[in-house]
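Protein chains in written order, with my numbering: chain A, 1 to 269; chain B, 1 to 255.
One should not assume that every hint holds.
[As the list claims (entries may be wrong)] Below, in silico cross-link-like pairs of lysine-lysine (DSS-like), each with a Cα-Cα straight-line distance of 30 angstroms or less:
id: 1; chain 1: A; residue 1: K38; chain 2: B; residue 2: K91
id: 2; chain 1: A; residue 1: K90; chain 2: A; residue 2: K36
id: 3; chain 1: A; residue 1: K90; chain 2: B; residue 2: K252
Hints are computed from structural coordinates only; laboratory data are not their basis.
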Amino acid sequence: MALTLPANRPADGSPFAEGEPLITLSNLALAYGSGKRKKQVLAQVDLAIREHEFVAVLGSSGCGKTSLLRLLAGYEHPTAGSINVLGQSKVSPSSEVGVVFQHANLFPWLSVQSNVEFGLKMKRIPKRQRQDIASEIIAQVGLAPNAQYLPYQLSGGMKQRAAIARTLASEPRILLMDEPFGALDAVTRETLQTLLKSIWHTRRRTVFFITHDVDEALFQGTRIIVMRGAPGTIGTDIANPLFDESGSTASLRKSKEYAFLRETLLERM
Amino acid sequence: MNVRNLGISFIAVVAAFGTWWIVSESGSVSPLFLPTPHAVWNAFLEIMRDGYKGSPLMTHIGESLKRLALAFAIALLTAIPLGLLSGYFAKVRAFVDPFIEFYRPLPPLAYYTLLVLWLGIGDSSKVALLALAAFAPLYLSVVSGVGKVPRDRINGARSLGAKDWDVFVHVIFPSTLPDLFTGIRTSIGMTYTTLVAAEMVAAVSGMGWMVLDASKFLRSDIIFVGIILMGLIAVLIDLLIRWLEHNRVPWKGKE
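Required output: the full structure, derived from the provided sequences and hints.
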């Protein structure tokens with residue numbers, strides 16, 4: 001049987017997708033500057049993401065992945081087209097939409113514990129309660145022995161664990177992640193990929209996950225999107241046929257289907 | 001500084017002291033220009049015991065430090081909020097900057113007489129002068145600190161639910177601490193050097209006044225005592241601030 005890529009833009013979305021879309025983008029465009037210096041970053045982006053989806057976004061550098069994430073986070077605003085995130089058409093940053101950056105972006109003057117408590121403090125949650133919530137999440141990401149450390153005392157992987165814990169503590173409905181493991185070594189990356197998958201398994205947040213690593217996308221995503229530049233637009237958009245909710249893709253990596261998907265996605269980047 | 005460099009500093013100080021000792025004890029230079037270490041030590045013991053011009057030495061030091069501390073407190077309380085506002089809101093900066101850029105390069109003595117006219121010859125004019133000297137470096141360090149806050153740190157805080165005021169208090173202010181400490185060190189230096197100038201006019205106490213008064217009577221030994229004391233106190237203040245910096249901003253330079 002000849003191997004083929006799953007249908008582009010499947011009507012029923014990806015496995016686990018539920019309900020009405022939380023994110024809808026239609027004919028969206030983004031440009032920086034004006035006149036001769038105008039740079040079109042995104043054009044004709046159409047996308048709908050429903051609850052519980054884990055959308056892995058692939059694309060080469062400069063294809064507008066991060067710009068798209070910044071639009072979803074409310075850090076930028078589209079120059080054309082429409083956007084809707086959690087019912088808001090004018091998106092501004094909120095704790096409903098959590099962001100994990102490539103560089104952990106922790107507050108350097110706060111301990112891991114206080115960093116994780118930050119969002120809860122902003123919600124005016126009483127001290128005792130937020131300590132308990134933070135401690136539980138810190139333990140979940142395996143940082144309990146380092147809870148009192150300042151960020152500069154942590155390794156890159158630990159910082160990223162802390163950043164994930166900090167974002168999860170606010171219980172966002174949507175989690176935006178911008179190559180969170182991009183700057184880590186291979187072993188740490190694999191550990192954190194497994195951790196993220198188990199977190200998704202228990203918490204089922206809707207995730208928009210940027211990566212340039214096809215293996216990572218195939219491991220994490222219930223759905224895989226490939227962006228092309230420039231200006232950036234969405235090319236391929238498929239449900240991940242190899243997604244395994246709890247397990248790993250280690251065994252699958254040897255299959256012909258995995259090799260085919262990997263190759264095809266790489267070609268389309 | 002590592003132990004070896006500390007050793008070099010120690011040897012340099014001992015060598016300078018030794019040179020002073022040999023040159024002054026040899027009698028080749030008049031004690032009016034260079035008193036012997038022995039004479040300076042005796043002068044120190046004398047003013048420790050009897051005070052200088054009616055006030056104990058500790059009162060002179062205390063008076064100077066009191067003016068310094070008061071002026072510095074005023075500068076901190078005004079420069080930090082104004083620096084934060086100016087750094088964050090370009091319009092506030094546009095409003096404040098011309099005045100600061102105008103007075104900052106002026107020699108303090110140039111406007112000191114005006115301050116004395118306005119505030120009298122008591123401590124208020126001295127404290128005002130010192131506060132003005134302390135203000136500019138602090139203000140500029142905070143403005144520069146705000147300018148360096150990474151955009152995504154603020155974005156990240158907003159995505160964790162921080163509102164404008166939260167961002168200001170919980171993100172921008174602590175982000176400026178490393179720069180603020182640099183500003184504090186510069187500012188203390190500026191203020192300290194202005195101290196002597198401030199105590200030149202209509203003072204009857206203070207380390208600066210003591211040195212200037214002693215010079216009228218050609219008491220080189222007391223001038224030396226005053227200068228060495230001022231220098232040592234400055235070093236101690238700087239050590240204290242560096243210790244505070246190390247404790248309050250341990251992440252400085254390690255982000």
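Q: Hint by hint, work out which the structure violates, then give me just those numbers in ascending order.
A: 3
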